[in-house]
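Please put together the full structure from these sequences, using the hints given.
Chains as they are written, first to last, in the working numbering: chain A, 2 to 176; chain B, 2 to 176; chain C, 2 to 176.
Worth flagging that the hints you see were computed from the coordinates, not collected in a lab.
Any given hint might turn out to be false.
No copy labels: a pair is met if it fits in one copy or bridges any two.
[As the list claims (entries may be wrong)] Here are the simulated DSSO-like pairs of lysine-lysine, each with C-alpha atoms no more than 27 Å apart in a straight line:
no.	residue 1	residue 2
1	Lys7	Lys73
2	Lys148	Lys50
3	Lys156	Lys7
4	Lys148	Lys73
5	Lys50	Lys73
6	Lys156	Lys73
7	Lys148	Lys7
8	Lys148	Lys172
The model shown is predicted, which means the values in this text are computed figures rather than measured ones.
Residue strings, one per chain:
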Amino acid sequence: MSQLPKLTFVLGGASSGKSAFAEALVLATGAARVYVATSQVYDDEMAAKVRDHRAARGDGWLTIEEPMDMAKALSQVGTNQVVLLDCASMWLTNHMMAESDLRAATEAFMAALDTCAGRVVVVSNEVGMGIVPDNALARRFRIAQGKLNQRLAEKADLAVFVVAGLPQVLKGQLP
Amino acid sequence: MSQLPKLTFVLGGASSGKSAFAEALVLATGAARVYVATSQVYDDEMAAKVRDHRAARGDGWLTIEEPMDMAKALSQVGTNQVVLLDCASMWLTNHMMAESDLRAATEAFMAALDTCAGRVVVVSNEVGMGIVPDNALARRFRIAQGKLNQRLAEKADLAVFVVAGLPQVLKGQLP
Amino acid sequence: MSQLPKLTFVLGGASSGKSAFAEALVLATGAARVYVATSQVYDDEMAAKVRDHRAARGDGWLTIEEPMDMAKALSQVGTNQVVLLDCASMWLTNHMMAESDLRAATEAFMAALDTCAGRVVVVSNEVGMGIVPDNALARRFRIAQGKLNQRLAEKADLAVFVVAGLPQVLKGQLP
Numbered sequence: 002m003s004q005l006p007k008l009t010f011v012l013g014g015a016s017s018g019k020s021a022f023a024e025a026l027v028l029a030t031g032a033a034r035v036y037v038a039t040s041q042v043y044d045d046e047m048a049a050k051v052r053d054h055r056a057a058r059g060d061g062w063l064t065i066e067e068p069m070d071m072a073k074a075l076s077q078v079g080t081n082q083v084v085l086l087d088c089a090s091m092w093l094t095n096h097m098m099a100e101s102d103l104r105a106a107t108e109a110f111m112a113a114l115d116t117c118a119g120r121v122v123v124v125s126n127e128v129g130m131g132i133v134p135d136n137a138l139a140r141r142f143r144i145a146q147g148k149l150n151q152r153l154a155e156k157a158d159l160a161v162f163v164v165a166g167l168p169q170v171l172k173g174q175l176p
Numbered sequence: 002m003s004q005l006p007k008l009t010f011v012l013g014g015a016s017s018g019k020s021a022f023a024e025a026l027v028l029a030t031g032a033a034r035v036y037v038a039t040s041q042v043y044d045d046e047m048a049a050k051v052r053d054h055r056a057a058r059g060d061g062w063l064t065i066e067e068p069m070d071m072a073k074a075l076s077q078v079g080t081n082q083v084v085l086l087d088c089a090s091m092w093l094t095n096h097m098m099a100e101s102d103l104r105a106a107t108e109a110f111m112a113a114l115d116t117c118a119g120r121v122v123v124v125s126n127e128v129g130m131g132i133v134p135d136n137a138l139a140r141r142f143r144i145a146q147g148k149l150n151q152r153l154a155e156k157a158d159l160a161v162f163v164v165a166g167l168p169q170v171l172k173g174q175l176p
Numbered sequence: 002m003s004q005l006p007k008l009t010f011v012l013g014g015a016s017s018g019k020s021a022f023a024e025a026l027v028l029a030t031g032a033a034r035v036y037v038a039t040s041q042v043y044d045d046e047m048a049a050k051v052r053d054h055r056a057a058r059g060d061g062w063l064t065i066e067e068p069m070d071m072a073k074a075l076s077q078v079g080t081n082q083v084v085l086l087d088c089a090s091m092w093l094t095n096h097m098m099a100e101s102d103l104r105a106a107t108e109a110f111m112a113a114l115d116t117c118a119g120r121v122v123v124v125s126n127e128v129g130m131g132i133v134p135d136n137a138l139a140r141r142f143r144i145a146q147g148k149l150n151q152r153l154a155e156k157a158d159l160a161v162f163v164v165a166g167l168p169q170v171l172k173g174q175l176p
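What follows is the structure, given as structure tokens:
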């Protein structure tokens with residue numbers, strides 16, 4: 002049994018093993034676990050990805066499906082529960098597609114992390130280390146994701162960058 | 002008040018917080034500060050970015066606008082000044098658009114760093130960790146940027162990789 | 002003379018200096034060295050890259066050209082030899098273009114690493130830290146490369162992430 006701090010931030014590239022690493026952190030606490038699923042299934046590729054992640058995660062999770070409203074999702078969590086929120090990139094995508102006010106949505110997300118009764122592990126994607134994309138929406142997403150990652154990393158007690166499945170601690174200490 | 006070595010290299014992805022981190026390093030020295038602005042404003046997106054960076058940076062900077070000739074920019078710097086050169090990626094973009102001899106331009110840049118009287122912090126982008134771009138110019142830029150980053154990191158006394166706003170020291174020690 | 006463990010994994014972005022770093026690791030052992038060349042030359046860009054890498058590597062390497070079958074390549078290696086396999090990304094590209102069964106090819110690759118008599122240094126690309134590509138094949142490659150990198154990192158005794166030519170140890174210890 003290991004302890005996790007109030008907020009853990011797990012960042013990584015595509016297929017970097019960040020979700021598996023975050024799940025292992027949650028499992029090692031031995032606490033009751035909650036999965037906040039942010040994915041909206043738009044196509045077969047996404048459906049396959051959701052299926053793979055669910056299989057990898059295994060049983061024993063209470064799942065809350067909530068693509069956008071983290072205040073609503075996290076208010077359902079009790080003191081003894083540990084939450085895996087996977088992932089902030091999907092949450093951001095959903096808000097950008099809905100043309101939400103990103104500033105307001107981000108503040109609400111941050112406030113929900115502050116007031117959540119349980120401990121939370123947030124997973125997110127690093128998307129800013131490639132070439133500038135041709136597509137204007139992709140450029141906006143890349144900047145918004147970078148800013149969101151900075152907010153989450155700043156708020157987190159423990160921040161981990163997962164590279165090829167291996168954790169690099171950016172802040173705090175692994176339990 | 003903290004000391005900086007002769008050359009500090011700050012690398013990061015898009016919206017990684019690298020500029021803010023580099024600015025904080027310069028501010029913490031308490032020395033007179035110079036900003037070498039390399040951006041050429043081609044469009045509204047760039048204008049907005051320059052505006053945001055200027056606002057974030059605040060007052061108290063002597064600004065030298067110089068998109069390409071770092072020998073000219075850095076020869077104006079005095080012994081007691083600390084320079085923020087933001088950024089090497091824009092400098093490289095400007096030279097590629099001008100179809101400069103990149104090898105000669107790079108050697109002149111490196112020599113200017115050697116002979117600058119003040120201490121210098123150079124900011125640059127990591128752009129090589131995404132998929133190979135379709136576009137031949139983007140592929141050329143990605144390779145040239147990678148080689149330039151290697152040169153800067155090799156020459157630097159302190160090299161920092163900023164991920165989600167958090168510094169990872171690649172070389173040397175943070176002041 | 003320095004020792005290398007059975008398997009070393011060197012990961013990095015494009016033009017990150019990962020090949021030069023891996024070569025230096027191999028050279029420092031003082032052992033007889035073998036280069037497993039995985040590149041298939043499709044165009045002039047690739048031809049130039051192969052030429053540059055060969056020139057940088059210098060003499061004194063026994064070269065095995067083998068784009069796909071690592072069991073065949075690595076079975077030719079003796080106990081006192083150190084292998085530089087550059088790179089896993091090209092190997093993956095070759096298999097994807099040949100529409101191989103990636104699962105079977107990966108298992109054969111992993112088994113060949115286990116049974117190789119010599120020590121091996123595998124170089125690979127990080128390609129998952131940019132924006133999601135538009136192109137479906139690029140998305141498939143990005144996921145397959147991420148999974149392959151996780152496998153190699155897990156199996157390796159020493160795993161290094163090269164950023165701007167500077168090594169960050171992910172696992173194990175530099176010799």
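Here is what the structure says about each hint:
1. Lys7 with Lys73: within (18 Å within a copy, 51 Å between copies)
2. Lys148 with Lys50: This pair counts as both: shortest intra-copy Cα distance 25 Å, inter-copy 13 Å.
3. Lys156 with Lys7: Answer is within; shortest intra-copy Cα gap is 10 Å, inter-copy 33 Å.
4. Lys148 with Lys73: This pair counts as within: shortest intra-copy Cα distance 23 Å, inter-copy 34 Å.
5. Lys50 with Lys73: within (25 Å within a copy, 34 Å between copies)
6. Lys156 with Lys73: within (20 Å within a copy, 42 Å between copies)
7. Lys148 with Lys7: within (21 Å within a copy, 30 Å between copies)
8. Lys148 with Lys172: both (17 Å within a copy, 26 Å between copies)
Checked against the numbered hints listed earlier, the structure breaks none of them; every hint is satisfied.
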